Amino acid sequence: MIDKLLDLVKQFGQDTVVKNPEVPEEYNNEVLADATKTIGGGFQNILAGGGFQNILDLFKGRGNKTGGGGIGGLLKNPIVSMMIGHFITKLVGKYKMKPAAASNVSNKLIPNVLDGLINRTASTAPENDAFDFNDLIGSLTGGKVSTSESKVGGFNFQDLLNKVLGGGGNKEDNGDNNLEDVIGQVTRGAQENQGEQAARGGGGLMDLIKGFLK
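Taking numbering that gives the first Met the number 0, the leading residue of the sequence shown gets 0, the next gets one more, and so forth.
Mixed in with the good hints there might be a few duds.
[To be verified] EDC-like mimics (lysine to aspartate or glutamate), calculated; alpha carbons at most 16 Å apart, straight line:
#1 K89 <-> E126
#2 K107 <-> E25
#3 K150 <-> E126
#4 K9 <-> E29
#5 K89 <-> E29
#6 K75 <-> E21
#7 K95 <-> E29
#8 K95 <-> E148
#9 K59 <-> D158
#10 K97 <-> E179
#11 K143 <-> E191
#12 K9 <-> E24
#13 K107 <-> D180
#14 K162 <-> D56
#15 K3 <-> D180
#16 K3 <-> D158
#17 K95 <-> E25
[To be verified] Taking CB as the label site, the calculated pair distances span:
#18 G200 <-> N118: 32 to 38 Å
#19 G183 <-> V163: 17 to 23 Å
#20 E25 <-> P125: 35 to 41 Å
#21 A198 <-> G48: 43 to 49 Å
#22 M81 <-> E191: 31 to 37 Å
Think of the hints as simulated: they come from the structure by calculation, not from any bench.
All values reported here derive from a predicted model rather than from experimental measurement.
Where is the CB? At the ideal position from N, CA and C, for every residue including glycine.
Make the full structure from the sequences, and use the hints.
Put into structure tokens, the structure is as follows:
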């Protein structure tokens, strides 16, 4: 799923990054990789902190719990604000961009990518089958959580998302799984995945992203 996230970053980054004279051309791929890591790493940190419900709420309300969706709703969500701020800091510190230019890039790229990710994952259209909530949770936890995509009898996160979005769902898929237990498994899975990435050294999630850029 990280490769699909990167595809969205590359898609929305054409005008915001690649064709933007404020971003040095030699850094285009690095900036796109950092944007992908900002979103993927942000989600991973939230899951490791026990915030699965916060991510579910982000998808449910298109970012804004008090109503309103789309980009406007996302910009009011603290998760999105955190990601935007982190990416601005990265652009200014690592790529020496002017704060105003960095803010412009981050405030356009991050919400657009998230909006695309959320809409495609929530969609039941065949062309969006590659975007699946099971795959997203699986990638962020390093496959340490059994999803219905990875194991027979695993928890169906896509079905849960469909129910949260009001689209019903297959009541048989999740059986007797208790949501609190599942959240605990997701939290531990994300923590273990981060721990293993740190133990291996290197860039962890960033190494994976750069591998897809080659």
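Hint check results:
Only pairs whose Cα atoms come within 16 Å are accepted, and K89 paired with E126 is rejected, the gap being roughly 34 Å. Simply put, K107 and E25 have alpha-carbon atoms about 21 Å apart, too far for the 16 Å limit, and the pair is violated. Straight-line distance between C-alpha atoms of K150 and E126 comes to about 24 Å, which puts the hinted pair past the 16 Å bound. Of the pairs offered as hints, the one joining K9 and E29 holds, with about 11 Å between alpha carbons and a cut-off of 16 Å not exceeded.
Taking the CA atoms of K89 and E29, the gap is near 11 Å; set against the 16 Å cutoff, the hint holds. For the hint linking K75 to E21, the alpha-carbon distance of about 26 Å lies beyond 16 Å, and the restraint is violated. Proposed proximity of K95 and E29 is supported: the alpha carbons are some 13 Å apart, at most 16 Å. For the suggested pair K95 and E148, the alpha carbons sit about 42 Å apart, so the restraint of at most 16 Å is broken.
Restraint check for K59 and D158: the C-alpha separation of about 13 Å stays at or below 16 Å, so the hint holds. Note on K97 and E179: the hinted pairing is violated, with a Cα-Cα distance of about 44 Å set against a maximum of 16 Å. Only pairs whose Cα atoms come within 16 Å are accepted, and K143 paired with E191 is accepted, the gap being roughly 8 Å. For a cut-off of 16 Å, the pair hint linking K9 to E24 stands: about 14 Å separates their Cα positions.
A distance of roughly 37 Å separates the Cα atoms of K107 and D180; the hinted pair therefore is violated under the 16 Å criterion. In summary, the hint linking K162 to D56 is supported, as the alpha carbons are separated by about 12 Å, within the 16 Å threshold. Of the supplied pair hints, the one linking K3 and D180 is violated, its CA atoms being roughly 28 Å apart against a limit of 16 Å. Taking the CA atoms of K3 and D158, the gap is near 20 Å; set against the 16 Å cutoff, the hint is violated.
Using a Cα cut-off of 16 Å, the hinted pair K95 and E25 holds, with the two alpha carbons roughly 13 Å apart. Range check, G200 to N118: about 36 Å between beta-carbon atoms, so the 32 to 38 Å window is met. The beta-carbon spacing between G183 and V163, approximately 19 Å, falls within the hinted interval of 17 to 23 Å. The given range of 35 to 41 Å is respected by E25 and P125, whose C-beta atoms sit roughly 39 Å from each other.
The beta-carbon spacing between A198 and G48, approximately 19 Å, falls outside the hinted interval of 43 to 49 Å. Between M81 and E191 the beta carbons are some 23 Å apart, a value that contradicts the proposed interval 31 to 37 Å.
This entry does not satisfy hints 1, 2, 3, 6, 8, 10, 13, 15, 16, 21 and 22, going by the numbered hints stated previously.
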